[in-house]
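Produce the complete structure using the sequences and hints provided.
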Amino acid sequence: MIALELRGAGKAYPPPTAVTALADVTLSVATGETVAITGPSGSGKSTLLNLLGTLERPSCGAVFVAGTDTSRLPDRALSGLRAWRIGFVFQDFHLLEHLTVLDNVATGLLYRGVSAGRRRAAALQALERVGLAARRAHRPSQLSGGERQRTAIARAVVGEPDIVLADEPTGNLDSSTGAEIIGLIAGLAGPRTTVLVITHDTTVAAAMAREVRLRDGRVVADTGAT
Amino acid sequence: MRSRLQAVDAAALGALGIQARRVRSALSALGIAVAIAALVAVLGIAASAKADLLAQLGAEGNLLTLAAGQTFSGNAVPLPTTAEAMIRAVPPVGEVTAVANVSGVTVRRSAAVPAINTGGITVLAAQPSLPHTLSATVLRGRFLGGVAQRYPEVALGYSAAQNLGISVLGPTTQVYLGGQYFAVVGILAPVDVAPEIDDAALVSFPVAQSLLGLDSAPSRIYLRADPDQVAAVAAVLPFTASPEQPEAVEVRRPSDVLVARVAAKTAFVGLFLALGAVALLVGGVGIANIMVISVLERRAEIGLRRSLGARSRHVAVQFFLESTALALIGGVLGVALGILATAVAARIGHNPVTIPLYVPFTGLGAAAAVGVLAGVYPAARAARLAPAQALRAIT
Numbered sequence: 000m001i002a003l004e005l006r007g008a009g010k011a012y013p014p015p016t017a018v019t020a021l022a023d024v025t026l027s028v029a030t031g032e033t034v035a036i037t038g039p040s041g042s043g044k045s046t047l048l049n050l051l052g053t054l055e056r057p058s059c060g061a062v063f064v065a066g067t068d069t070s071r072l073p074d075r076a077l078s079g080l081r082a083w084r085i086g087f088v089f090q091d092f093h094l095l096e097h098l099t100v101l102d103n104v105a106t107g108l109l110y111r112g113v114s115a116g117r118r119r120a121a122a123l124q125a126l127e128r129v130g131l132a133a134r135r136a137h138r139p140s141q142l143s144g145g146e147r148q149r150t151a152i153a154r155a156v157v158g159e160p161d162i163v164l165a166d167e168p169t170g171n172l173d174s175s176t177g178a179e180i181i182g183l184i185a186g187l188a189g190p191r192t193t194v195l196v197i198t199h200d201t202t203v204a205a206a207m208a209r210e211v212r213l214r215d216g217r218v219v220a221d222t223g224a225t
Numbered sequence: 000m001r002s003r004l005q006a007v008d009a010a011a012l013g014a015l016g017i018q019a020r021r022v023r024s025a026l027s028a029l030g031i032a033v034a035i036a037a038l039v040a041v042l043g044i045a046a047s048a049k050a051d052l053l054a055q056l057g058a059e060g061n062l063l064t065l066a067a068g069q070t071f072s073g074n075a076v077p078l079p080t081t082a083e084a085m086i087r088a089v090p091p092v093g094e095v096t097a098v099a100n101v102s103g104v105t106v107r108r109s110a111a112v113p114a115i116n117t118g119g120i121t122v123l124a125a126q127p128s129l130p131h132t133l134s135a136t137v138l139r140g141r142f143l144g145g146v147a148q149r150y151p152e153v154a155l156g157y158s159a160a161q162n163l164g165i166s167v168l169g170p171t172t173q174v175y176l177g178g179q180y181f182a183v184v185g186i187l188a189p190v191d192v193a194p195e196i197d198d199a200a201l202v203s204f205p206v207a208q209s210l211l212g213l214d215s216a217p218s219r220i221y222l223r224a225d226p227d228q229v230a231a232v233a234a235v236l237p238f239t240a241s242p243e244q245p246e247a248v249e250v251r252r253p254s255d256v257l258v259a260r261v262a263a264k265t266a267f268v269g270l271f272l273a274l275g276a277v278a279l280l281v282g283g284v285g286i287a288n289i290m291v292i293s294v295l296e297r298r299a300e301i302g303l304r305r306s307l308g309a310r311s312r313h314v315a316v317q318f319f320l321e322s323t324a325l326a327l328i329g330g331v332l333g334v335a336l337g338i339l340a341t342a343v344a345a346r347i348g349h350n351p352v353t354i355p356l357y358v359p360f361t362g363l364g365a366a367a368a369v370g371v372l373a374g375v376y377p378a379a380r381a382a383r384l385a386p387a388q389a390l391r392a393i394t
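Residue numbers (numbering that gives the first Met the number 0), protein chains in the order written: chain A, 0 to 225; chain B, 0 to 394.
Treat the hints loosely; a few may be bogus.
Here are some chain A residues the structure puts well away from chain B; computed CB gaps all over 12 Å [to be verified]:
#1 G9
#2 E146
#3 D173
Where chain B lies over chain A, by a calculated footprint (3+ residues, C-beta under 8 Å) [what the hints assert, rightly or not]:
#4 51-65
#5 93-105
#6 112-120
In case anyone wonders, no lab produced these hints; they're calculated from the structure.
The beta-carbon is built from N, C-alpha and C at its ideal position, and this holds for glycine as well.
Okay, here's the thing in structure tokens:
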């Protein structure tokens with residue numbers, strides 16, 4: 000089964016920037032695969048992730064998520080995809096400071112229309128999976144960098160999405176903490192969960208089953224290409 | 000697999016935004032609160048002042064006065080001596096009291112004061128029934144009683160007492176009236192419906208006749224009619240009092256003065272309400288401003304929520320509810336402040352506290368409307384943010 004697919008997808012930003020971030024990329028990722036997206040700064044890694052995560056629309060080509068062509072879907076349907084199928088992990092965590100760790104994780108289910116009680120119960124389970132249950136009443140600012148990223152991972156997986164997209168999850172962490180985080184993310188992959196990680200770090204890339212290398216908006220190497 | 004946000008969660012999001020920025024929220028709610036308080040206080044104070052006058056109006060609506068008038072050629076026509084008795088005979092007439100103008104007599108503090116300094120005080124002969132008929136209260140001492148029918152005693156109207164410099168009564172308090180000293184036995188409180196009493200020194204009819212040379216005819220008669228038949232009584236009064244010259248009798252309803260005063264008290268309400276509305280507008284602009292800034296500051300949060308599956312509409316609703324809740328908090332606070340101000344003003348003015356039920360609800364409604372309007376633009380702006388771009392914002 001194909002979880003994610005780009006067909007000749009490109010992204011060009013209009014003037015004044017007038018930058019072609021991604022040009023004619025064709026890529027397909029099977030369900031359960033773990034993929035590292037590598038490449039120098041400005042090679043289009045984040046744009047690729049945003050297209051796959053339906054946060055941006057391609058200027059040409061098509062993006063398929065779980066078999067659906069997203070380029071023609073309205074905002075309502077794209078939001079539904081993000082709420083139910085996709086979990087995001089960001090470099091700078093994006094935790095909400097005025098919420099506790101538990102409530103931050105529970106926010107991962109907010110836009111599914113699940114009741115607050117069930118959100119909290121699921122959030123506690125997710126926190127246990129990342130080993131932070133004891134910190135559930137703390138505020139994000141009271142956590143270390145690694146703990147914050149573990150909280151963000153718990154939020155990404157609390158709804159058990161099919162796809163986890165991580166944009167440099169270890170970029171703000173020291174190497175030993177980064178290894179721990181990558182272990183956690185790689186451990187998420189299962190027969191039904193697909194993981195894509197953008198990284199600069201070769202050890203991170205090595206932890207993934209497949210590596211896709213970008214340069215100037217094009218795929219220049221793909222260890223999983225058939 | 001739809002993106003959904005439960006109403007209760009949306010409300011919680013709105014409240015969360017306010018909680019997370021307490022000082023800023025309190026200040027912008029305060030702007031609304033001041034405006035709403037002003038509106039509620041204007042309406043409440045006007046209503047309280049009006050209620051007091053209307054209560055008086057109700058109590059004084061059946062009072063009629065009958066005064067000696069003039070002929071077409073301008074000659075004064077005294078009321079017939081029989082007028083009072085004739086009026087008493089009209090069935091719907093209750094209490095009746097008469098006063099007579101004692102002309103050519105001045106009142107002074109002592110004989111040493113020059114006769115020219117009359118202080119504008121008139122001397123009236125009055126009957127013991129006067130305070131009761133006019134619902135006048137005696138401020139100090141007592142009114143003219145049995146003794147006053149034979150001995151020189153005087154009661155002073157409120158302004159007359161002030162002019163003479165008499166505020167406290169002692170056993171030896173006297174005034175020099177028509178060539179001899181009179182004992183001051185009482186001071187009346189102001190009589191709204193008969194201001195001529197305020198400027199008068201009142202003596203009894205027998206004393207006025209024996210000591211001051213009063214002939215006998217009354218100059219003015221006050222009467223209370225059955226409240227349902229006031230107009231009918233007013234219509235027959237001239238013919239009853241002076242059958243020979245009914246056109247020379249002036250009949251008045253003193254409560255008309257109160258009606259005019261109600262109109263005067265409420266004349267500026269419209270202007271003050273307009274000023275309050277301007278204040279509310281300023282408060283609304285304040286909220287809109289703070290919400291626009293909030294949207295800019297929270298771009299990363301907006302991006303995050305979009306990545307978690309929020310629709311652009313959910314983001315709009317979040318900011319919209321926050322703005323409305325801010326204004327409503329201000330509204331509740333403002334209504335409370337306005338009611339407090341009304342109560343204080345009513346107490347100072349000795350009016351009853353009267354706040355019509357529509358006033359607090361109008362205040363809350365106006366606040367909510369301002370919050371809704373102030374929230375539209377920031378909410379639309381938040382909803383328009385592209386998710387990927389919002390996520391790139393620095394937190």
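Status of the hints after comparison with the structure:
Taking the minimum C-beta to C-beta distance to chain B, about 15 Å, the non-interface status of G9(A) holds against the 12 Å cut. A cut-off of 12 Å between C-beta atoms confirms that E146(A) is not in contact with chain B; the least separation is 17 Å. For D173(A), the shortest C-beta to C-beta distance to chain B comes to about 20 Å, beyond the 12 Å cut-off, and the non-interface label holds. A stretch counts as covered by a chain when three or more of its residues have a beta carbon under 8 Å from one of that chain; for the segment 51-65 of chain A and chain B the count is 3, and the coverage holds.
A count of 5 residues in the segment 93-105 of chain A with a Cβ less than 8 Å from any Cβ of chain B is obtained; the coverage claim is therefore met, three being the minimum. With a cut-off of 8 Å between beta carbons, the segment 112-120 of chain A has 3 residues touching chain B; three or more are needed, and the interface restraint holds.
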